[in-house]
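These protein sequence lines map, in sequence, to chains Z and S. For the first sequence, numbering that gives the first Met the number 0 assigns the number 0 to the initial residue and increments by one for each residue that follows. For the second sequence, numbering that gives the first Met the number 0 assigns the number 0 to the initial residue and increments by one for each residue that follows.
Hints were generated in silico from the structure; no laboratory data involved. One or more hints might be untrue.
Unchecked claim - To spell it out: a stretch of chain Z is covered by chain S in this simulated footprint if at least three of its residues, at any positions, have a beta carbon under 8 Å from a beta carbon of chain S; those stretches are:
1. 210–219
2. 507–519
Unchecked claim - Simulated restraints, written as ranges between beta carbons of each label pair:
3. S:P46 to Z:R543: 56 to 62 Å
4. S:P46 to Z:G667: 33 to 39 Å
5. S:P46 to Z:T88: 29 to 35 Å
6. S:D85 to Z:Q119: 42 to 48 Å
7. S:D85 to Z:Q239: 18 to 24 Å
8. S:D85 to Z:G527: 51 to 57 Å
9. Z:D781 to S:P46: 18 to 24 Å
10. Z:P240 to S:D85: 26 to 32 Å
11. Z:G479 to S:P46: 35 to 41 Å
12. S:E24 to Z:G41: 46 to 52 Å
13. S:E24 to Z:G479: 53 to 59 Å
14. S:P46 to Z:T236: 15 to 21 Å
As the list claims (entries may be wrong) - Subject to a maximum C-alpha distance of 25 Å in a straight line, what follows is the list of computed DMTMM-like cross-link-like pairs (lysine to aspartate or glutamate):
15. Z:K458 to Z:D222
16. Z:K253 to S:D63
17. Z:K458 to Z:E504
18. Z:K491 to S:E44
19. Z:K1051 to Z:D850
20. Z:K566 to Z:E65
21. Z:K566 to Z:E544
22. Z:K843 to Z:E1052
23. Z:K491 to Z:E504
24. Z:K458 to S:E44
25. Z:K472 to Z:D509
26. Z:K840 to Z:E544
27. Z:K491 to Z:D238
28. Z:K677 to Z:D606
29. Z:K677 to Z:D730
30. Z:K458 to S:D53
31. Z:K458 to S:E24
32. Z:K288 to Z:D412
33. Z:K253 to S:E26
34. Z:K566 to Z:D713
35. Z:K253 to S:D72
Cβ coordinates follow ideal geometry from the N, Cα and C atoms, glycine included.
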Amino acid sequence: MDRTHAPAQGSAYVELHTSSAYSFLRSGSSVEALVARAAELGMRTLALTDHMTLAGVVRFQAACAEHGVRPIVGCELSVANAMFGDLPTPAHLVVLTRNTAGYAQLVQLLTDANFENPDQPVIPFRALVDAVTSGDEGFFVLTGGREGALARMLLLKDQTQQAQELAQRYAALFGSQRVFVELQHHELLDSLSLMQRLVWLAEGTGLRCVATNGVHCARQNDDALYDLLTCVRLGITVDQPHAERSHNDQAYLKSAAEMQALFGEVFWGPAAVATSVEIAAQCDVSLLKGHCVAPQVLLPDGSTPATHLRALCEQGLAKRYHTLPEALEPQSPQRRQLEHELGVISTLELEEFFLCVHDIVSAARTMGIRCSGRGSAANSLVAYLLGITGVDPIQHGLLFERFLNPERKGMPDIDLDLESTRREELIRYVEQTYTHEHAAMVANVNTYRLRGALRDAAKALGYPLALVNQFTKVVSHFGGTRELLAAENELKALIATLPTQTPAERLVHDRCERRLQHLLEIAPRLVGLPRHLSLHNGGMILTREPLSSTLPVRISANGVRALEIDKDDVERLGLIKFDLLGLRTLGAVEECLTLIEETTGTRPNVDHLILDPPDETTMRLIRAGETLAVFQIESPGQWHLLAQTQPQTFNDLIVQTALFRPGPIQGGFVHPYVERRKAKQPDLQRDAVQTPWKGTPADDFWITHPVLAPILADSEGILLFQEQILRIAHDFAGLSYAEADGFRRAMSRVRSPEEMERMRGRFVAGAVQQGESLDAATRVFDAMSHFVGYGFCKSHAAAFSHLIYQTAWLKAYYPAHYLAAFLSAQPAGFFPPHVVLQEAKRLKIPVLGVDINRSEDRFTIERVGSARYERWAIRIGLAQVSHVGEELAQAILWVRRQGSGGAIENEGLREQFFSSLSDVCQRLRPVGLTWAAAEALTLAGAFDSLRPAMTRRQRLWQLHEVWPLVNLPKQRRAKGAKRRNQSAAEHDARPHQLAFSWELTLDTPPELPALEQEERAAWEYRTMGLSARPHPMRLLRRDLRRRGVRSIADLKEIPAGCVVRIAGWPISAQRPPTAKGMGFLVIEDETGRLPVAVPPQLAAQMYRRIRQARVVAVAGRLERIRWYHSLLAMDLHEIASSG
Amino acid sequence: MAHQYLQPIQMTHQAGQPLRFIWRECEYTVAEILLCWRLRDRWWEAPGPGGASDRHYYRMRCLDGLLCDVYYDAASDVWVLDRVHD
């Protein structure tokens, strides 16, 4: 039975029709702004009625709880029905849910509509009537404002008779107690007369009227934003009129006094205002949940979740520790930890949650999909035993309480990384196993960032598209108002480049100039407002109750079902989200293992590599910075750090992963760590490179304190991990681990000085009680409060380090296989594919060009060389060629292996090699070979091995000859061709080969010059983005030497501190926000790669100077740490254009 | 039938409510305000002729029987006689 809320004293009006920005481009205010304004106006209740979505209701209810406002959940529906006449668009009706049954029906209505028509969902009127009259008394219906059918009939068509009939139908179908005629007074010319006629209709049909303001923004001055967003939604500029645009600024949240004054002018007005309070009092739906509930899992007969989980853990214990029998003893650390964790899991009733994750991971393994758990889950022995994570938490001193403790509310966070290309398979498994009623992906609410806001605002303000594109390059994606204002002169300069020759051009130019101030003012106001819903990249919801009791489900363009909820709101609804994230590096590892198995017959078990001690060859590769294509540690910043830290153990790798983050860099933690590492390694030369993190000296307090030193030993006395905060709070200040984790989380989000002081008091008092001095306690608290926002989860770093180690191991022992697999997994990692291929060349791995008869779809491995000196070479795949893509590449392989003609044995496969260009075109045209793909394959050299042999230029000539013929109808083609197959009988026996059976007679191409080396490289880079040939910088070397430009390899012989000139391809350029204006460039020549640190003044021009450059020259001072060379740039300029 | 004038007038008002105005050197006293409405347009331009406007319209009957529409443009801070109804 629903509660009926007595009207609160002083609540003379409740707004029942409010659209927030979650209506997506139909409102100028966020949910939070609307609720805050309502509270400011003294409103005790507010309804949210977004258009055809409930995406904002969780935020709305949370904001209402924060401001002490009672929320009413509703929706503005687009409804279709024949009795609405010939209205050009569906009419709007507003529904307000009275109870949870009504809410569930609304969710179902929206879900059905989303599935019926994902682009423009519409509710069938009959379905709405059924829901409203279902007996649950779940809804009130309002007839809608000017978008409602009644108002539109009266306004647009003057169909008074039809409107009267419709009102009668509403009363008859919905019941006169459930439907209300909505009156809105936006102070338009016809507002009063329209309301008067609606009142007349209502009186004639026994319906009551209710006043609303059809709110679209919180404050009056947000109207411009609302109007602009309406233009964005409609795809028009502000100069274009449209019926859906606002006529004035009156659709804002008005106070009860304003509404009473407005409606007080007419005798029926006060009653309509008062009715809003009556309706509101009968609505009560609460969605926020205090706790999360795990989904139900299938259990073996006779098992409970607890017994099944224990049984699986026992199996895992025996398997994971088969080389350590003492771990299975009753009092072993492993057993004690297992009992502790199972106890906590039982207290929190999370057994089914763990079983569910285990089920998903097991399914992935069964399907052969590589996966690995990340995040704080790696702190858990249970997760390790269930195979969810791959790092032993006991061996690496990880702390379970960071993951789970009895006082922690909400679900623990387990993210699974999966091979990107096979993620969909696992998602299908989860949907099928847990059913569509209980499983769906999570939507993602895309909110405006500065660049997008500038783009949409500029387009709506009538700026030409080309100029809009230029504007958006001026600001960064995540910039703020200040950045936009700072760019004003640059925007003006861009406007000044507009042509002004003709009157029309001058008009556009003047308009752009005139509106710039409005653009600068309004674009930042869009930032943060929801723009549209998209699909979250991996979040999946599994529910115990049917999804229909939570939120509507949408279906994406590619058929994926997604719950209309933002990832950040999941826990508030008591739901559980599993992140199934695609990680291309995992795909590269799996592909590498497959390549190794195919070519050597053995498959290394990288999941069980011994981490302690780590393999010396692998660690040597890491210490030498040979880490290009190695997960997470392949960037120039990491090279720099590796040169200084020289990791020796797996734990050092964990530190390395956590240290190279914005937090430690900004917090000045890197330098002290490096200093202490140097102290342990006296051979390490002084760090001569000026880095932005120079600063804080090492402090002995932390490494000499008897309690702190062991906690911080792994990170050389540096506070680096969140787990260390927990241990300090526990060991130093005497807090329980559960209390310590609460303390950590509270510290990371606390903003008020009072709360911080309260925590300081608690911590310091605890520490003093433990025997610490007040000074020491204060000092530790201060350091922790400074650090806690930046801390990194050690278990997450450990899980990442595991993959770092695996990829480094593969690169160390199977470099050709790994780089081939890594190239196939692109885009992955820090550098573009041509840099990865250059790394292969640097490692003396032969690279073979793309070949129509030899290449597979992806990068592959071939044996080359003589019997005495055999090596593995990388063959470029067909899919790498532009316009070919994976689909056509696979079709080419299919044709090659199914085609006609004599079979040729190719490494065990029966291959029908392409014999000539006409053979290629005729056999591949039916499977989708396009002109663009054929031309690209020619330019890339894929046809070089065809007969008769000819230069690539001649082959291109030949393609122009062949292509028109293969596109002719067969009869006409036959005139210029001769039959190759011998008999009709043979022909009939293989009907699927009809299209392949013509050999065209072609003229010999004319003599054409062979390609120059530069031309050949240019064609290959243009069509593949890379080339099997040596680095093009080699072609410039003689000229560069003459101009005093050194190669990167030469730097080994030059003393640090010298000023040198280097030229190369810019392969990476960055200006990270944490680097205080510094820029970081990496250039590459035929001998290596060189990081260049660019001082702020020069860095400001860096992008402009290298934007179009293929080759840049840098003059700078040489810096060196061990093998690591870099330049501190003094000058930077382009020396050749990319053309 | 109505004639559109769009001519500035001098309006005497109280808290925004029109009381009397001078048009073509004659003074008209407002007897009754029949209707009010508001129109906002071209907020993206600067105020002025053809620019941003935020008009508060009043349909009023004057003591001498004149039935007219007058608006106050808050963006430009001017009173304008829009049209006179026959």
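Do the hints match the structure? See the list:
1. 210–219: Coverage by chain S is violated here, the residue count being 0 at a Cβ distance below 8 Å.
2. 507–519: The restraint on the stretch 507–519 of chain Z holds, since 3 of its residues have a Cβ under 8 Å from chain S and three suffice.
3. S:P46 to Z:R543: 56 to 62 Å: Cβ of P46 of chain S to Cβ of R543 of chain Z: about 59 Å, so the range 56 to 62 Å holds.
4. S:P46 to Z:G667: 33 to 39 Å: The hint (33 to 39 Å, Cβ to Cβ) is violated, given that P46 of chain S and G667 of chain Z are roughly 52 Å apart.
5. S:P46 to Z:T88: 29 to 35 Å: For P46 of chain S and T88 of chain Z the Cβ distance comes to about 34 Å; the hint holds.
6. S:D85 to Z:Q119: 42 to 48 Å: This hint holds: roughly 47 Å between Cβ atoms.
7. S:D85 to Z:Q239: 18 to 24 Å: 34 Å, violated
8. S:D85 to Z:G527: 51 to 57 Å: Holds: the Cβ-Cβ distance is about 53 Å, inside 51 to 57 Å.
9. Z:D781 to S:P46: 18 to 24 Å: 54 Å, violated
10. Z:P240 to S:D85: 26 to 32 Å: 29 Å, holds
11. Z:G479 to S:P46: 35 to 41 Å: 29 Å, violated
12. S:E24 to Z:G41: 46 to 52 Å: 49 Å, holds
13. S:E24 to Z:G479: 53 to 59 Å: Since the Cβ atoms of E24 of chain S and G479 of chain Z sit about 56 Å apart, the hinted range of 53 to 59 Å holds.
14. S:P46 to Z:T236: 15 to 21 Å: 20 Å, holds
15. Z:K458 to Z:D222: 18 Å, holds
16. Z:K253 to S:D63: 37 Å, violated
17. Z:K458 to Z:E504: Distance of about 17 Å is within 25 Å: holds.
18. Z:K491 to S:E44: Cα-Cα ~17 Å, so holds.
19. Z:K1051 to Z:D850: With a Cα-Cα distance of about 38 Å, the restraint between K1051 of chain Z and D850 of chain Z is violated, given a limit of 25 Å.
20. Z:K566 to Z:E65: Since the Cα atoms of K566 of chain Z and E65 of chain Z sit roughly 20 Å apart, the hinted pair holds (cutoff 25 Å).
21. Z:K566 to Z:E544: Since the Cα atoms of K566 of chain Z and E544 of chain Z sit roughly 19 Å apart, the hinted pair holds (cutoff 25 Å).
22. Z:K843 to Z:E1052: 22 Å, holds
23. Z:K491 to Z:E504: Holds, at roughly 16 Å.
24. Z:K458 to S:E44: OK: K458 of chain Z and E44 of chain S at ~15 Å, within 25 Å.
25. Z:K472 to Z:D509: Given pair K472 of chain Z, D509 of chain Z holds - Cα atoms ~22 Å apart, limit 25 Å.
26. Z:K840 to Z:E544: Since the Cα atoms of K840 of chain Z and E544 of chain Z sit roughly 57 Å apart, the hinted pair is violated (cutoff 25 Å).
27. Z:K491 to Z:D238: Holds. K491 of chain Z to D238 of chain Z sits at ~22 Å (cutoff 25 Å).
28. Z:K677 to Z:D606: 32 Å, violated
29. Z:K677 to Z:D730: 29 Å, violated
30. Z:K458 to S:D53: 24 Å, holds
31. Z:K458 to S:E24: It is violated: about 47 Å lies between the C-alpha atoms, which goes past 25 Å.
32. Z:K288 to Z:D412: 18 Å, holds
33. Z:K253 to S:E26: 37 Å, violated
34. Z:K566 to Z:D713: 34 Å, violated
35. Z:K253 to S:D72: Within the cut-off at roughly 22 Å; holds.
Checked against the numbered hints listed earlier, the structure breaks hints 1, 4, 7, 9, 11, 16, 19, 26, 28, 29, 31, 33, 34; every other hint is satisfied.
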